[in-house]
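J.: Okay, here's what each chain looks like letter by letter:
Protein chains: 2
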Amino acid sequence: MQALYKTIDYIRTNYPDQFIIADAKRGDIGNTSKMYAESFFGEMNVDSVTVAPYMGQDSVTPFLGHDGKWVILLALTSNKGADDFQYIKDPEGTPLYQNVLRKSLEWGGNADNMMYVVGATRAEMLSDIRRTVPDSFLLVPGIGAQGGSLADVCKYGMNSKCGLIVNSSRAIIYADSTENFASVARAKAAEVQKEMSAYLK
Amino acid sequence: MQALYKTIDYIRTNYPDQFIIADAKRGDIGNTSKMYAESFFGEMNVDSVTVAPYMGQDSVTPFLGHDGKWVILLALTSNKGADDFQYIKDPEGTPLYQNVLRKSLEWGGNADNMMYVVGATRAEMLSDIRRTVPDSFLLVPGIGAQGGSLADVCKYGMNSKCGLIVNSSRAIIYADSTENFASVARAKAAEVQKEMSAYLK
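Chains as they are written, first to last, in the numbering used here: chain B, 1 to 201; chain S, 1 to 201.
Hint data in this document are derived by calculation from the structure and do not stem from the laboratory.
Just so we're clear, the structure is a prediction, and the values are computed from it rather than from any experiment.
Hints should not be assumed to be uniformly reliable.
If chains are identical, the list can't say which one is meant, so a pair holds when it fits in one copy or spans any two.
Taking lysine-lysine and the DSS-like style, the derived pairs with C-alpha atoms no more than 27 Å apart in a straight line are [to be verified]:
(1) 188 to 34
(2) 89 to 103
(3) 6 to 34
(4) 89 to 34
Okay, chain B solo, but in the shape it has when bound (with noise of 0.2 Å):
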C-alpha cells in the first residue's frame, strides 16, 4: 500500500492535472460501499473508482455524491466473459448492460459523476449506449493487449466533446521488463497518445 500512496502522491504533485482512476471494481453493501468511497476518495484521494453493478442501487450510490469524484460503472466489459450475462435480455429485448445504464440514471448518475465501461472490444454495441447515454464519459479499455480497435471506439462512441477516457494498461506496463522499462514504456505510451490525437482533429 505503501508504494501505492506514494505514486498517487508523486502524481498528484508533479502532474496535478492528471485524472487518477481506481480500477477496483469495488460494489458491496451499503454500509461498506460508503467505507470504500471514503478509502478512495478520502485517504487515497483518487479522482474516480470502478464499481461492478450486481448488487444494485444501494452498492452504488454510496461512491456518488463526492465533490469533483467520479463512479466508474462496469456496463459492459472487455473480456470474453461478458458474453455470460451482460448480454442477457429481459422479456422486453433489453439486454443487462442496458438495464444496468438505465437504472443508474435514477440513482443520481449523471454525465457529471458517473461514466462507464464499455469495452473496446465491444465497439460495435458503443451507438446503442450511446442512445442511452449521449453525453457521459465513456472509459474504454481493450485497446492494446486485448485487440479493440480504436478507430470503431472512435467511429461509435465519440460524441460532440469527445467523451472517451481510452485506456491502455498492460501493453504499456508490461511493454518491457528490462531496466530499458521506463523508455520503451514511454515510447509505447507515446505511440497511444499519438494515435488518439490523430482521432481528435
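The hints should help you fit chain S onto chain B, whose structure is shown.
T.: Using the frame of chain B, we list chain S on its own:
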C-alpha cells in the same frame, strides 16, 4: 494491512480449524483475478473469497483450482439493491441469479470448490436455489443487523449435511463501542451460535 495479516495469523495459530472468508467481492479480467487469487489464497492465506459474477467466466475461474480453497460467488445478495438486476428474467423466465448459479456449474464450480451468497433476507428463494445447487454450501448473510430470519433460512435452505454458513457481522462487531467490547461481542456471538445449534438438532 499489517493488522489484517496479524489477525489472520492469530486465528491460524490459535484456532486452526476456523474457516476464514475474505468478503472482498472481487471480479476482474482474468489476468487481474489471477493476481487477486494469488494474493488472497497465497499471501493472505484465507480459505475463501467472495466473487462478483458480472464479468463472467474468466473473471471467476482464476479463483478456482487452488487446492482446498473456495470461491463464494454472489448469487442473490441480502441488500435492497439486489432487486435491481438479480431478479431480472430472461425470455425463458429464468432470473439472473439462477443464470449465475447455472453458468457457474459449467465453469468447474462444484460443491467442493464453490459456494454461493444467498441473503437471509431472501429466504423464500432458497427452495428455488436448492433445486439448482442441492449439495453446495450457501453463505447466508443478513441475519442480525439486516433483519433476516434464521428459522426461515434453515427451513428453506438446509440440506442433509446442513449446507449453510450463516453469517452475522455487524450485530457482533458493532455490539459495543466501549472497553467492554470483547465480552459483549463474545456474548452476542454465543447467542447467535446457540440459536443456530438449536436448528441443527
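J.: Treating 27 Å as the Cα threshold, decide for residue 188 and residue 34: within, between, both or neither.
T.: between (37 Å within a copy, 25 Å between copies)
J.: Quick one: residue 89 to residue 103, C-alpha cut-off 27 Å, is that within a copy, between copies, both, or neither?
T.: both (15 Å within a copy, 16 Å between copies)
J.: Indicate which option fits the pair residue 89, residue 34 if close means a Cα-Cα distance not exceeding 27 Å: within, between, both or neither.
T.: So residue 89 and residue 34 fail the 27 Å test inside a copy (31 Å) and across (29 Å) alike.
J.: Should residue 6 paired with residue 34 be assigned to within, between, both, or neither, using CA atoms and 27 Å as the limit?
T.: Intra 24 Å, inter 25 Å, cutoff 27 Å: intra and inter.
In summary, the one numbered hint that this structure violates is 4.
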